[in-house]
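> Now for the letters of each chain:
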Amino acid sequence: MSFLHNAWLERQRGLIDFSVANLGRRRGRNFGLFLAYSLLVFLLASVVLYGDALRREARLLLADAPELVVQRLTAGRHDLLPAEWLDKVTGLRGVRAAEGRLWGYHYDPAAQANSTLLVPNDAPPAPGQVEIGAALARASGLAAGDVLSLRSFDGKPFAFNISRVFEAESELVSADLMRVSATDFRAFFGIEPGRYTDLALSVSNPREVRKVAEKVLDRLPGARVVAREEMRRTYEAAFNWRQGVLLTFLSTILLAFALLAWDKASGLSAEERREIGILKAVGWDTGDVLRMKLWEGALLSVAAFLTGYVLAWLHVFYADAPLFTAVLKGWSVLYPHFSLSPQIDVAQIATLFFLTVLPYVAATIAPVWHAATLDPDAVMRE
Amino acid sequence: MTSQRNRRGSTLAGWVLGMGALALLLVLLDSGRLAASHAETLRQGQARVMSDQLTDPALFTEARYARHASQADQHAAFQDHPMALEHFPAGAMTPPTVMPLP
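If you're matching them up, the sequences are chains A and B in order. Residues in the first sequence are numbered from 1 upward in steps of one, following this note's numbering. Residues in the second sequence are numbered from 1 upward in steps of one, following this note's numbering.
Okay, chain A solo, but in the shape it has when bound (with noise of 0.2 Å):
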């Protein structure tokens, strides 16, 4: 038994033997698409993985968002919405705790970036001070300390002192924030008191979400009630589409790559024609040729997708994906530093090693299969 194991072992040697010698007689011809493999691989990879990281990290930093938003519409617009909303829904049944959101947005015309202004309900800072984001404080040079004069709504200068620059770590959310107080807030936008931009609502019951907002819209009809998982399903379905734009482009690239391997594999060179019916003249059967071209096409697709997949690794999560970066950056002036975690999932890899291996192999097979089960001396004469 051992040694029929030792045979098919020693058999299975000589032919990967044999294929490692033809690859290396093609040097150069295997090398380039052994290239362009990796380089497929690698942006396949690469959009892929960032896709995830990025849908992930949205959903992880999203899980303790404010339940539910109301917003007031007015003629189908986001507007301005009167306290007595805030009465009419604290007393809801199944609400937990409703506060007053105060948030709105500045363009800085020197900076040519909008941030987002916004009142904490949880510790503001003091009136005259701002608290603002990393990305914000890079763009504009600006350090803890500093005074930031900002144009108000009536065009006067409104100075802030800069009490604290957001820690890094926090950039993903935090990269355009400038957190004041309600007073500043009011006096800077000319909102008077009693006015709030949105209302955030806990509720008691997490599985009664959907009921309370129910309820919301009977008591305040001309209400936009927004749900935690809306939040979290509108960057999944971003990240979904942008990540589907992206796979586009890239198909347009798969195509190219199966092209070349269709014409590689369909189109047996008069050399490799002759070199299989050589091999079955001197004894070789059907089996142990296409063994051996199944050998060849699995190292080449193996080798490429193995180096494809690691690159990609390196290139989305130690070198902050730049070939991407461009993409989700658009022309926004404050962008935020972040990095991402990897989320292995082994159907991930098999379904892009499916995706690229299995292909390719079952290309290089169809034509030798083809040209193995010929009569030796006919494909030597051809």
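Here are the simulated SDA-like pairs of lysine to any residue, each with C-alpha atoms no more than 25 Å apart in a straight line:
hint, chain 1, residue 1, chain 2, residue 2
1, A, Lys215, B, Asp73
2, A, Lys88, A, Glu208
3, A, Lys88, B, Gln53
Calculated directly from the structure, the hints in this document are not laboratory data.
Position chain B relative to chain A; hints supplied.
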């Protein structure tokens, strides 16, 4: 005899694939290490989301509806029609908003 065996193509192929498999194994192990080192970053981000009641990541700051995609007017990124090419790159690649409750 030994040097003859060492020159065999199968040995070379074994080495190349072995190194590739080892690199893949290191990647798998590295994912655990990266996730552990990223946990603190994630915790600080989550703390900021909780304390400031944030609803969106600050990834696309170029336009208000891109900055707060989940809070924007419905179809804000698609003022003309849902598949219109948008002025801002972020808007051009933002899908139609999810259906509101209820």
